[in-house]
Structures are given as C-alpha cells and as structure tokens.
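So you can see what is in the structure, the chains are spelled out below.
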Amino acid sequence: MSRYFIDRASRYVVFIFGVLALLILAAIAIFILKDSLPAFREIGISDIIFGTKWYPSHGAFGILTMLAGSVLVTLLALLMAVPLALGCAIFLAEVAPPRIRQLTRPAVELLVGIPSVVYGLVGMIVLCPLIANLSGTGSGSSVLVAAIVLAIMILPTVTSISEDSMRAIPNQYREGALALGATRWQTIHHVILPAARNGIMASIVLGTGRAIGETMAVIMVIGNSPIFPTNIFAPARTLTGNIAVEIMSATGIHQSALFATGVVLFILIMLINSLALIAYRKKT
Amino acid sequence: MMKLSPKLTQRIAWVSIWATGIIAILTLIFIVGYTFIKGFPAINLEFLFTDPKGGVSGEGGIFSCIVATMWLIVITMAILIPLGIGAAIYLSEYAPDNRLTRLISYSLELLAGVPSIVFGLFGFAIFVLALHFNYSIIAGALTLVCLLLPFLIRTAEEAMRAVPQSQREAALALGTTKWQTTANVVLPAAIPGITTGIILCVGRAVAESACLYVTMGGSAAMPTSFLSGGRALAVHIFYLAMETTALDKALATGAILIALILIINLSTVWLSQRFYAKMQGIR
Numbered sequence: 012m013s014r015y016f017i018d019r020a021s022r023y024v025v026f027i028f029g030v031l032a033l034l035i036l037a038a039i040a041i042f043i044l045k046d047s048l049p050a051f052r053e054i055g056i057s058d059i060i061f062g063t064k065w066y067p068s069h070g071a072f073g074i075l076t077m078l079a080g081s082v083l084v085t086l087l088a089l090l091m092a093v094p095l096a097l098g099c100a101i102f103l104a105e106v107a108p109p110r111i112r113q114l115t116r117p118a119v120e121l122l123v124g125i126p127s128v129v130y131g132l133v134g135m136i137v138l139c140p141l142i143a144n145l146s147g148t149g150s151g152s153s154v155l156v157a158a159i160v161l162a163i164m165i166l167p168t169v170t171s172i173s174e175d176s177m178r179a180i181p182n183q184y185r186e187g188a189l190a191l192g193a194t195r196w197q198t199i200h201h202v203i204l205p206a207a208r209n210g211i212m213a214s215i216v217l218g219t220g221r222a223i224g225e226t227m228a229v230i231m232v233i234g235n236s237p238i239f240p241t242n243i244f245a246p247a248r249t250l251t252g253n254i255a256v257e258i259m260s261a262t263g264i265h266q267s268a269l270f271a272t273g274v275v276l277f278i279l280i281m282l283i284n285s286l287a288l289i290a291y292r293k294k295t
Numbered sequence: 317m318m319k320l321s322p323k324l325t326q327r328i329a330w331v332s333i334w335a336t337g338i339i340a341i342l343t344l345i346f347i348v349g350y351t352f353i354k355g356f357p358a359i360n361l362e363f364l365f366t367d368p369k370g371g372v373s374g375e376g377g378i379f380s381c382i383v384a385t386m387w388l389i390v391i392t393m394a395i396l397i398p399l400g401i402g403a404a405i406y407l408s409e410y411a412p413d414n415r416l417t418r419l420i421s422y423s424l425e426l427l428a429g430v431p432s433i434v435f436g437l438f439g440f441a442i443f444v445l446a447l448h449f450n451y452s453i454i455a456g457a458l459t460l461v462c463l464l465l466p467f468l469i470r471t472a473e474e475a476m477r478a479v480p481q482s483q484r485e486a487a488l489a490l491g492t493t494k495w496q497t498t499a500n501v502v503l504p505a506a507i508p509g510i511t512t513g514i515i516l517c518v519g520r521a522v523a524e525s526a527c528l529y530v531t532m533g534g535s536a537a538m539p540t541s542f543l544s545g546g547r548a549l550a551v552h553i554f555y556l557a558m559e560t561t562a563l564d565k566a567l568a569t570g571a572i573l574i575a576l577i578l579i580i581n582l583s584t585v586w587l588s589q590r591f592y593a594k595m596q597g598i599r
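The listed protein sequences derive, respectively, from chains A and B.
Each residue of the first sequence is one higher than the one before, counting from 12 in the numbering used here.
Each residue of the second sequence is one higher than the one before, counting from 317 in the numbering used here.
Just chain A, with the same shape it has in the complex (with noise of 0.2 Å):
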C-alpha cells in the first residue's frame, strides 16, 4: 500500500471516529425519547410531570414528587457547599501559607475522584443515626442527610474550579489593588472574584450537575419513599434514584414511565446547562 493510500484512507477513518460523540448524544436521545413514549402517550405529558402520585401498581406514573425531591436536594447541597467551597478556594489560592497549599491540592484533587458510594456510604454510618437522633422518628434517611451528602461530594469539584480561575489571574491585579491602599480582604472581594467570576459560575453549575445527576449515594440516605418533600427530616425520593430503583423490575407501562422520568431529568440538566451559558454570555 502506498503511503498515499494510507493518507487518504486515515481521514475517512479518522472522520467516522470524529462524528462518534455526535452518534452517541443522537442515539441516547433517540433510545431514552423512543422508550418513553408509550408512557406520554397513554398517560399524557402533563399527567406525567405534574402528577403528585407514584403507584406504578395502580397504574399512576406522576413525577412532580421526584422533581421536587431532585430540585431541593440539590438547592440545599448547593446552599450549603457553595459558600464553604468558595472560602476554601480563596483560602487555598489566596491566604493559606505555600505548604498548606502544596497539602491540599493534590488532596482535593484525590477527592473529586473517590467514588461516590463512598460518601453515600459514610454518610448512612455517620450522619443518618445523628437525624434520627434529632428529629426522634425514623432510621434518619431524609433529605437533609442526602443534601449534606451530596454537598460535602461536590465540595472538590466546585473548590479546585474556583481555586483554579482564582490563580489564573495575574498577580498584577492583587499588586495593584494593594498598592492603592487596599487590604487584602479588599483585594480579594473588589478584584480577585470579579476577575474570576465566570471560572466560579462554571464552578457551580458543574457541581449542581453533579448534585442532581448523582443517584447511588443518594439512593442510600434519602429513604426512597415517592413522597412530596415538604419535612427536611423526612425521606424522599429523585428523579435519578427513581430510576434506578425501580428499572431492574419494571416492565411495559412502568418501565416506559421510567424512561419518561429520564427524559425529565435530561432535560432539567440541559436547562441548567443553558442557563448557565446564557448567563455567561450576558456578561462577558
């Protein structure tokens, strides 16, 4: 074969591997839309997601209870992770000593990768007993606990994202600012986050997307009763655990309503996602 033969052919190869994500994002659409359809069809679209009652036995297939239980798991994570995340990643990029920061790095970095059942699995030993102490009813698997579990898990994530658009900034900045009087804390607020405001925004929506997309470790402190959340204290289901819970034994309608509560997840991401970049657009 001649090396001409070889170079033309590579770039029809290396083409077809190219268009391989786009097929796989088409085909994921296709399937998961494909298999809910019966379900929209029979039970209809509105009746799917704002229907407040889960009896696949009794034929009612409504996931606005998982949507708020996915919806508030995830806010609560956030308000708790977000404020703490953002102090620790001033702290390592800004204020801790060089030795701290050569600790913790690669520290954090071990925790974006440990699995997340690990949380879920420390969090059901450790934190469950303690609600149920508290709120005196129940084994303690509650929203609270999931929201506590899932923000201590994208703690990492959101921290070494902050951290690292805080870093890229030059140090010119924090000279400069400090050179006119300011004092460090001043510098940090009136500079440094403004600076890397679209670095901590991505930093956020990635660690939402984690939040409501994490199924295992939920599942394993939330209790799974398809209940509207209204107690923190007590159990709820989401759309993620819903589904994961549920599709191993399901079958016709049922399983096609659990695809359908996919779809609904797909595109809560999606929006997420979207908003997001709108929001960067805007101000950049």
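It is possible that some hints are incorrect.
Said to hold, decoys possible - Some chain B residues well away from chain A (every beta-carbon gap over 10 Å; in silico):
id : residue
1  : ASN360
2  : SER373
3  : MET386
4  : ARG484
5  : LEU587
Said to hold, decoys possible - Per label pair, the in silico range of CB-to-CB distance:
id : chain 1 : residue 1 : chain 2 : residue 2 : range
6  : A       : VAL24     : B       : ILE345    : 43 to 51 Å
7  : A       : LEU34     : B       : GLU362    : 40 to 48 Å
8  : B       : GLU425    : A       : SER68     : 38 to 46 Å
9  : A       : ARG110    : B       : HIS448    : 40 to 48 Å
10 : A       : TYR23     : B       : ARG590    : 52 to 60 Å
11 : B       : ILE339    : A       : TYR23     : 52 to 60 Å
12 : A       : PRO49     : B       : THR417    : 50 to 58 Å
Stated by the list, open to error - Below, simulated SDA-like cross-link-like pairs (lysine to any residue); rule was C-alpha separation at most 20 Å, straight line:
id : chain 1 : residue 1 : chain 2 : residue 2
13 : B       : LYS369    : B       : GLU559
14 : B       : LYS323    : A       : VAL106
15 : B       : LYS494    : A       : PHE16
Keep in mind the hints are simulated off the structure, nothing from the lab.
Just so it is clear, the structure is predicted and the values come from calculations on it, not from any experiment.
Cβ atoms here follow ideal geometry from the backbone N, Cα and C, with glycine treated the same way.
Given chain A, put chain B in place with the hints provided.
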C-alpha cells in the same frame, strides 16, 4: 447598618476564610480517615480472595467483584482508547472549522454533563434489551465507553493541540503525508497528555456505580466470560450497605477503592513529572 472599617472587615474576612478552609479540609479528611480507619481492619487475604456469599450478614469477601472490575476496565479501555484517540486526531488535526465540527464540539460538551444514570438508562435500553446482551460485563463496558468518551476525546485533543505547529510544518516540509506527520510526529509528542487522560479514565471507571448498577446486574458470582453479569467493586459497596449488615466490609471495600484512586492519581503526577524531566533533558 454601621459601616465597618476596612481593618475590621479584613480581620472578620480572614477569620471566616481560615474557618471555612479548615472546616472544608477537616470534613474531607474525616471522610477518607473514617473509611480507612474503620475499613482497614476488615481487609485480609481471605477477604480479598473469597467471593461474596450473600445473605443478610454479608459473609465472604470481594474476589469475584475484583475480577469483574478488572474484566470491565480491560474491555472498556480496549474499546475506549482507539475510539477516543481516533476522534481526537480528527478534531485536532483534520476537522475543518465548519458547522459539523462545532456541532461535534457542542455534543461533546452536552455529553459531558449527562448524568451517569441516564447513560445507564441508555445502556439498559440498547445493550441489555435491544441487543440482548442482558446484564453483562460487555453491556456495562459499552455503557462506560459512552460515558468516558467525551472526557478522553477532550484530553487527547488538548494534548495534540499543544504540539507546536512548527513540528508539523517541519515534517510536512520533508515530504511526509498528513497521516505520516500525525502518526509519527504529533501523536508521539502528545503521548504524555493522552496517557494521563487514559489513567484518569481508569480512575473514573473504578469509581462509577450508577450506570453499571443498571447494566451489569448485581450477580456476585465469579464472571466466566464478558457475557456474564458481574458486580463492580463500587456497586458491591452499594449492595453491602443496602442489603446486608456488613458495613465494616462495605467500608473495607471503600478503603480499597480510595487507595486505588490514590495510586492512579499519584501515577499521573509521576508520569507528568517524568515526561517533564525528559523534555528538559534531565532524564
């Protein structure tokens, strides 16, 4: 509200930043420390080399899970690496700046944000049901390939883009074809970055649970081929925690996983330092 003096705000801010930093770091140290301290006593040769026996007390070890995880990683990587590098070559060396390329980039970004369980749902629909692989290691591996592909493509693409343009021009000026330049100049120069990406993919595959839970099934029996079901280590932790009382064994499995991830991370650091040294001519 009273306006605080800059000096006072500085002091308050410093105290809170130190406090949040220390709280965050202590929380994370606690998770790892707790898993190690409670988990290590349960690890011994018998635990490592017997299969899980099932039951509420969670007797037995994790041998079949180790084997299933290894099968899974080997098959996943065998498919993932050529696909990922091939796509990265296209995107970095061949793709023209047109609508299709932007569409591919956009779909990579979207795919990177799709949750694991949605990939699981997809794998369940296509590999488990439509292609009749049932719950099997191959179904889990193919699902993992879809999950990890965007990450590997991006890392490999960045590594190749980082190769200076002058090297390509030098090769082409010698009369090589585009493919010869790519295969003999760009790819070797990008190997360190690509290797790091591959190792990180192994780490993510080891940590992954949700998409494997719904595509590999929960069979704790020793896998006999890539078509038999299996239980990955991370999924085994989930089963132990939810269905048995053997929480010490779940923690022990967790400690092993964390140790694995630690080794994987350290090896990427070691690799990049080695290649850096080589580039500097130190060796």
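Going down the list of hints, with the structure as the test:
1. ASN360: Per Cβ check, ASN360 (chain B) is outside 10 Å of chain A; nearest 20 Å; holds.
2. SER373: holds, 17 Å
3. MET386: holds, 16 Å
4. ARG484: holds, 14 Å
5. LEU587: At roughly 14 Å from the nearest Cβ of chain A, LEU587 (chain B) sits farther out than 10 Å, so the non-interface label holds.
6. A:VAL24 with B:ILE345: 43 to 51 Å: Between VAL24 (chain A) and ILE345 (chain B), where Cβ atoms are some 48 Å apart, the hint holds.
7. A:LEU34 with B:GLU362: 40 to 48 Å: holds, 47 Å
8. B:GLU425 with A:SER68: 38 to 46 Å: holds, 40 Å
9. A:ARG110 with B:HIS448: 40 to 48 Å: Cβ of ARG110 (chain A) to Cβ of HIS448 (chain B): about 57 Å, so the range 40 to 48 Å is violated.
10. A:TYR23 with B:ARG590: 52 to 60 Å: Violated - the Cβ-Cβ distance for TYR23 (chain A) and ARG590 (chain B), about 36 Å, lies outside 52 to 60 Å.
11. B:ILE339 with A:TYR23: 52 to 60 Å: holds, 56 Å
12. A:PRO49 with B:THR417: 50 to 58 Å: violated, 37 Å
13. B:LYS369 with B:GLU559: The hint holds at about 13 Å.
14. B:LYS323 with A:VAL106: Measuring from Cα to Cα gives roughly 16 Å; hence the hint holds.
15. B:LYS494 with A:PHE16: holds, 12 Å
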